[in-house]
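We have chain H already, so just place chain Z on it with the hints.
There are 2 protein chains.
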Amino acid sequence: MDSRPIGVFDSGIGGLTVLKVLAQRFPRESFLYLGDTARLPYGSKSPQTIRRYSEQNVHYLLRQGVKAIVIACNSASSQFTESEFEGVGVYNVIHPGSARALSLSKNKKIGVLGTRATIKSGAYAHELIRLEDQVEVFSQACPLFVPLAEEGWVEDPITNLVVFRYVQPLMKTGIDTLILGCTHYPILKSAITKVTGGQIELVDSGEAIADLIAQDIVRQHFKPARPGDSQRVEILTTDASDHFASLAKQILEPVQAHDFRVVDIH
Amino acid sequence: MDSRPIGVFDSGIGGLTVLKVLAQRFPRESFLYLGDTARLPYGSKSPQTIRRYSEQNVHYLLRQGVKAIVIACNSASSQFTESEFEGVGVYNVIHPGSARALSLSKNKKIGVLGTRATIKSGAYAHELIRLEDQVEVFSQACPLFVPLAEEGWVEDPITNLVVFRYVQPLMKTGIDTLILGCTHYPILKSAITKVTGGQIELVDSGEAIADLIAQDIVRQHFKPARPGDSQRVEILTTDASDHFASLAKQILEPVQAHDFRVVDIH
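The listed protein sequences correspond, in order, to chains H and Z. Residues are numbered in this note's numbering as their position in the first sequence, beginning at 1, plus a constant of 2. Residues are numbered in this note's numbering as their position in the second sequence, beginning at 1, plus a constant of 2.
Just chain H, same shape as in the assembly (with noise of 0.2 Å):
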């Protein structure tokens, strides 16, 4: 067993999405999330950018002793693939999020929502197919979706309409599985469901995440808090603002992080 935070990184505030999933299934353990909020967005940026700012991140983390990294950026995750980084395991999002849709989707059409750069590096596309060669992948990048969430228009007529504009054509395609594969999403959930109806399942990438840190717990390949820990939940950026900070509790909630943070990772 290990008491040592799990290390949790994103370009800016839309993993904790992802955090607030893995802190209420895993209350035990301690977390350590570091936005990069002073490079945000990692989206309109290229491979290159992306892979040199996320080794800078996870470098960060493990000065801090982190026992686990889990690179809940799906731009991140598209360029830092590795499953182990100097001897400490690493969790993107793209393959849990990529087995899941898998196990859910009954006639293996699967469609992705993403940011311009994720649905450009092919990176969901590719571990879909890598996993199960049948299936058939339906992409869209969606550049207005992370601003909408970050204005806090949730539930909100504009936001139902570009959620329309950007799901309508994929739902032709006769997908019944849909991956929201950039961690801003889950906050639209409510109006993304509006459009796909009952009928198509939603992949949200934190509960990906959680399932295989519980099957790897089972597999002895991740070693838990021990029984008497107590959850610390801290959050680090590289950039103040008082606008994430506000929107980072509502997204948390109810989760409560214990510190709120200025960094520099340099």
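Hints were generated in silico from the structure; no laboratory data involved. The beta-carbon is built from N, C-alpha and C at its ideal position, and this holds for glycine as well. Accuracy of the hints is not assured; some may be wrong.
Stated by the list, open to error - Derived, one-sided and incomplete: chain H residues facing chain Z with beta-carbon distance under 10 Å:
{"hint": "1", "residue": "Phe87"}
{"hint": "2", "residue": "Val156"}
{"hint": "3", "residue": "Glu157"}
{"hint": "4", "residue": "Val164"}
{"hint": "5", "residue": "Thr240"}
{"hint": "6", "residue": "Ser248"}
{"hint": "7", "residue": "Gln252"}
{"hint": "8", "residue": "Ala259"}
{"hint": "9", "residue": "Phe262"}
Stated by the list, open to error - Over 12 Å on every C-beta distance to chain H, these chain Z residues come out as not near it, computed from the model:
{"hint": "10", "residue": "Arg27"}
{"hint": "11", "residue": "Lys47"}
{"hint": "12", "residue": "Asn109"}
{"hint": "13", "residue": "Asp135"}
{"hint": "14", "residue": "Glu152"}
{"hint": "15", "residue": "Ile202"}
{"hint": "16", "residue": "Leu204"}
{"hint": "17", "residue": "Gln217"}
{"hint": "18", "residue": "Asp261"}
Below, chain Z without anything else, positioned relative to chain H:
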């Protein structure tokens, strides 16, 4: 007279709306445009981070031998207010935009649209009040405008709704002049005009800076190109992206760039 190029920088491609106006107004001047696309957007970053990145961009342009610098980015302009830096003249967008708005306004009720950081900095409000203490300023942050412009949804009902959401409350204040306080916003000028109607003067940063440079040529504060010089326009970005390269060409049209290059400014 001085044949060296004018350096123009922005966090991304929005500043190309300024470059376009300047290249058309001064057809013998050459331009070196730097888009810090690896670190965009600046609008969501802290004042300290924006200042640090801006200084790095200015130093880079100075090393390339520019004769003047235009900060075609409102977030950067709000943190970099010097009119001279290391012996070279610096034009930001805050002062020219404010001066032009005051010259156009009859009732001295002026609206400002901008990113969250520009509005929060109060840069336009401070400058407007410094220039004319009787002015009333009404500000509105519009975080969706940049992604809408970058998505190319220019003539689009969704854009019209978002513009209405942000701009309609300003209309009720009785403003007669509206500063487009982000260099991306001229791309949405047609949608903004649908809400403001014909009675409100829109202030575009590019035109405001061009006016100021023209005045500085007359006052001999700015050395223009030689009569035989022919224009050369180079576009540098800190990150490669096909989407941005094609959008850049659209925005600049009919101005033609002679070179597109990715550079490392460190």
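Comparing the hints with the structure gives:
| no. | hint | result |
| --- | --- | --- |
| 1 | Phe87 | 23 Å, violated |
| 2 | Val156 | 14 Å, violated |
| 3 | Glu157 | 14 Å, violated |
| 4 | Val164 | 6 Å, holds |
| 5 | Thr240 | 8 Å, holds |
| 6 | Ser248 | 13 Å, violated |
| 7 | Gln252 | 16 Å, violated |
| 8 | Ala259 | 19 Å, violated |
| 9 | Phe262 | 14 Å, violated |
| 10 | Arg27 | 30 Å, holds |
| 11 | Lys47 | 5 Å, violated |
| 12 | Asn109 | 31 Å, holds |
| 13 | Asp135 | 29 Å, holds |
| 14 | Glu152 | 7 Å, violated |
| 15 | Ile202 | 23 Å, holds |
| 16 | Leu204 | 22 Å, holds |
| 17 | Gln217 | 37 Å, holds |
| 18 | Asp261 | 19 Å, holds |
Hint compliance for this structure: hints 1, 2, 3, 6, 7, 8, 9, 11 and 14 are not met, and every other hint is.
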